[in-house]
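Undergrad: Now for the letters of each chain:
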Amino acid sequence: MAGAPGQESRRPDGAAEALRRLADGLDPAALGAELHAAIRELYPICRSITGDGLRQSLRILQRLAPLELHEVPTGTPVFDWVVPKEWNLRAARLVAPGGEVVADAARLNLHVVNYSAPFRGKVSRAELDAHLHSLPDQPGLVPYRTSYYREDWGFCLAHEVRARLPEGTYDVLVDTSLAPGALTYGELVVPGVQEDEVLVSTHCCHPSLANDNLAGMVVAATLAKLLGGVAPRYTYRFLFVPGTIGAITWLALNEARASRIAHGLVLACLGDAGRSRRGHAEIDRAVAHVLARSGADHAVRDFTPYGYDERQYCSPGFDLPVGALTRTPHGEYPEYHTSGDDPALVRPDRLVDSLRRCLETFEVLEGNRTWLNLSPKCEPQLGRRGLYGAVGGQSHAVASQLALLWVLNLSDGHHTLLDVAERSAGLLAIQAARSDGQSS
Amino acid sequence: MAGAPGQESRRPDGAAEALRRLADGLDPAALGAELHAAIRELYPICRSITGDGLRQSLRILQRLAPLELHEVPTGTPVFDWVVPKEWNLRAARLVAPGGEVVADAARLNLHVVNYSAPFRGKVSRAELDAHLHSLPDQPGLVPYRTSYYREDWGFCLAHEVRARLPEGTYDVLVDTSLAPGALTYGELVVPGVQEDEVLVSTHCCHPSLANDNLAGMVVAATLAKLLGGVAPRYTYRFLFVPGTIGAITWLALNEARASRIAHGLVLACLGDAGRSRRGHAEIDRAVAHVLARSGADHAVRDFTPYGYDERQYCSPGFDLPVGALTRTPHGEYPEYHTSGDDPALVRPDRLVDSLRRCLETFEVLEGNRTWLNLSPKCEPQLGRRGLYGAVGGQSHAVASQLALLWVLNLSDGHHTLLDVAERSAGLLAIQAARSDGQSS
Amino acid sequence: MAGAPGQESRRPDGAAEALRRLADGLDPAALGAELHAAIRELYPICRSITGDGLRQSLRILQRLAPLELHEVPTGTPVFDWVVPKEWNLRAARLVAPGGEVVADAARLNLHVVNYSAPFRGKVSRAELDAHLHSLPDQPGLVPYRTSYYREDWGFCLAHEVRARLPEGTYDVLVDTSLAPGALTYGELVVPGVQEDEVLVSTHCCHPSLANDNLAGMVVAATLAKLLGGVAPRYTYRFLFVPGTIGAITWLALNEARASRIAHGLVLACLGDAGRSRRGHAEIDRAVAHVLARSGADHAVRDFTPYGYDERQYCSPGFDLPVGALTRTPHGEYPEYHTSGDDPALVRPDRLVDSLRRCLETFEVLEGNRTWLNLSPKCEPQLGRRGLYGAVGGQSHAVASQLALLWVLNLSDGHHTLLDVAERSAGLLAIQAARSDGQSS
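In order, the protein sequence lines correspond to chains A, B and C. Heads up, the first sequence is in my numbering, so the first residue is 1 and it goes up one at a time. Heads up, the second sequence is in my numbering, so the first residue is 1 and it goes up one at a time. Heads up, the third sequence is in my numbering, so the first residue is 1 and it goes up one at a time.
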């Protein structure tokens, strides 16, 4: 009695149902172990916004999903920016006057300021100090610092180590290269029936930091693999890009494609939810719906231009409906951008939970249609179709009948199923609470 | 200094004022007794969605107001439905092996499942059980059950009686008829100056149930009688229809007329308030306004497609601004759809109160105009017209002057009086609270 | 990287910056003393809606700012009103049977009902009583009462004095004149680049009442003087008018000009905030923004047609975006319209604070532009312009960088700076709170 305006010969919601089955069929233990193993393998590699560490990491992700690697040459203009020189690290070591190695990138690559220019020499304690970074409030942790756009070198170390560095001459080795090369990014497209795209973007430029953002990288790659087994309605585009410059580069080289992005999610740290600049785009509502139904503690936050790469996708020249999904937002857990963000911080079950919420969000997007009730005048007679209880007079309808009534009532060509779900949610919950006391 | 756009020669708010006088002049004791007597007379009759019990009940209502009876033949197609066979009950009795009459429609017509198909014979205790209905949680009450659209027979009885029915052979008599006939409904139109209609619809298909909905039937009939003495602006149409199928039948046979319905109310159980599907239609706001001013405890609920006949009037093919007015909503009082819903549950003063709120709602609708201040530039000088205190400088204006200022300020051709009332309500209340301390 | 649509050759926000400097550079002690001295000088003068007291007061204000005086002849029709006869007081005295002078306008001009008609004679205690006004709840205070539109005479006195007036014959002298003359008002225009006007209106008809409204008069005059030193974008029009009839008179004689009023404020009692009839006009939002940032306790109230002259500016024939700014609203402090409202009630620091909030409001209006980011695709590279920290990876951005990101993100030709401020306010506050714990 109801049909889609612009009907398709194939079962229209096959993909939504397949995604639901995928989400329900996840094996948390096995999948969680697999994702965590990938994180542990990726952790020691020294990634940056360019260079071999980034390439090597993307190649490891290729074992999870067949993403394609792109290389954009140094010097390529991308909007207001230019693709920078490629950075590679061979070694970085700081030796104290007494011979103690107080920082060594081979031990923990956070010890070297990312994108440090090459330097080799002896410096006094005072000269050295301008090149040191530490956290007085978290004296045991090594911070993560970068210097992408000013050529300089530096070391990061625990404040308690820095505090007891003696006077004297220090031996500095920063054996890096900054030279013409390329910016590397990964991309994977799962074609759908429609050309409209769902963008999933994740940054992959952080060195030894696990939650931010090895977690996002392995979840995104696994999502890409799983979607390959579904014939979706939308085309899904997965981007594995260095933060900021990678998103800017992709947008600059794919400007015509951007207008096809119907919905988008930036994945990072993998948990709570944040809105797109538009605030009430379908993707914002779909994520909110999934999180509300998950029963998990969560918060939906307004867009701010100081987040991850949604900053670029939501810049006023694009204003794409791209939100962010994170478990704990950046800067709000003490290990953020420090050596404390190691694989032990990342829990396998949380990775699977994040992945599941993504699949459910895609399910909502895939299944969200505007239906037209072809029998709109009064209710259709559900009873003779076996869709309504034969015995009348009981106090409470069962949830499935209420759902039918809501869908029929609001299928007027103006309400999407997500609209119906939002409007009926509170009342269905009340009804569900009541029907506990239902008589037989 | 103010005039109606499109002025009428007659005093435009005569009907609103007449309704206010009617509401203020009600004699609660006498009217309550009269309404309750009608309920007691109607109570024993076995009503259903068709049949002689329904006809007889409508004829009793004709003594209150001159409603017209319509008969729609069995088999008439009405949208997705068909007018069913007519059902009549002669007798229904269930006799236990020991000879005890455990259920008898002559004693309480709820004992027979409404629309039971004829049956006569002997059945075992086990066979019988599939035809019995009771309430384990309310073991002393007989439930109300129907089987309109599946031909079957059944008995309803108190669970405590059912629980002690012995094994053995039961004698079943269901002497009913299910045969071509008609669906009967009542209709009364009070013509107004305008063709736009106010619809008042009430269901009258329930057998021995007092609050649901003999209360609605007698209040609606009395409203119809009282409105006959007022020359209203709107045309008022009262429908006394069997639930669901009656509303569907009327809409199917009067489809062209439906578009004239400017405001509508479904009356049932007579108390609290519920919104139309549109949510903020004028009728929704008028009812909310009346209840807020009544000082009575009340709640305004959002529309749900699992209510009374507003389900049909608000189906997407019509989407009429028809809300529901009930005292305790269906399913939320323990006697709902049981033998506990008898005349003792219905209090005469509550019937009069409900009737009064309906009259006040009509008063708001009748008087709700959009005025145009013909002296819109600055305030008119109220003082020289005797409408403002001559001595200036006092702290607080009296309420009547504030009301004048609000009406003058918002009479810009865009605000209705209901808009003015809603916007000024909070501030007038604050002002009223303050003026207690006013000096002389 | 950003430019104004419709660029101007002069620095566009010079006026906003000058106003900010003015606000920051106020000397509270010196300015407060100066404003308070003016109030003390004005206090004893017997003002009314016409007459020499009003003229004399406006001339004193001319020493603060060069306002122009206008005289509108008695009998001039102004919309629904007529400019009244001019009233002047020479003396008013009430002598008790024993010779005691119980009321004398020379001692306190509130003692005579403002606009009292002339009368001289002897009256009994009983006859006198109809001409007396007092406050039983505030027995020590003399009320302020007027009789503008009914020719009568009267005296106001403390209730404790009235209560012990003996029987006998009273000697009444009301030596006033009510004769053809003029209504006087003051006006000062500070021309701006644009013809759109900011209206600042204040009533100046109250006799010996300090907060209501000598405070408003001296603050408005000082604002006018200060604005004369700024070359503003908007044209500022200051009106010093007798309440109600003065605003009506100005609107009637300047009807064509009213449409140029882009924003307006009625100043009185000088503190809290009230909205215009429109509710969310730019002036309403600008005042709310300034008060929110001031940290001061304040309330934004909805428009009511029982306020000051915003009643006239917001009448439906004009509906101008004119709000009111008051410190304690009329009628909400016990001294309101009594002899208790004397210069001691008015605190110099509060006058300066009110003046400062007005300057800040003008700053917001002057600086509120809709900018267009000319580099809208992704973020511009702030780092190479020295606008972004060179070391990356830190948890928190500094406020100035966040402000830049917000402005760039929302400068899409649709959002004003006030929109940006409102949208980012909460998030910037959170960010500010967090950055306390920022590491070095």
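Worth flagging that the hints you see were computed from the coordinates, not collected in a lab. Cβ atoms here follow ideal geometry from the backbone N, Cα and C, with glycine treated the same way. Be a bit skeptical, because a hint or two may be false.
[What the hints assert, rightly or not] Where chain C lies over chain A, by a calculated footprint (3+ residues, C-beta under 8 Å):
#1 142 to 148
#2 247 to 255
#3 346 to 360
Undergrad: When I compare C-beta atoms, does the stretch 142 to 148 of chain A have three or more residues closer than 8 Å to chain C?
TA: Contact hint for the stretch 142 to 148 of chain A vs chain C: holds, 6 residues under 8 Å.
Undergrad: Do at least three Cβ atoms from the stretch 247 to 255 of chain A come closer than 8 Å to Cβ atoms of chain C?
TA: holds (count 5)
Undergrad: Please count how many residues of the stretch 346 to 360 of chain A have a CB within 8 Å of a CB from chain C and say whether that reaches 3.
TA: violated (count 0)
Consistency note: the structure conflicts with earlier hint 3 alone.
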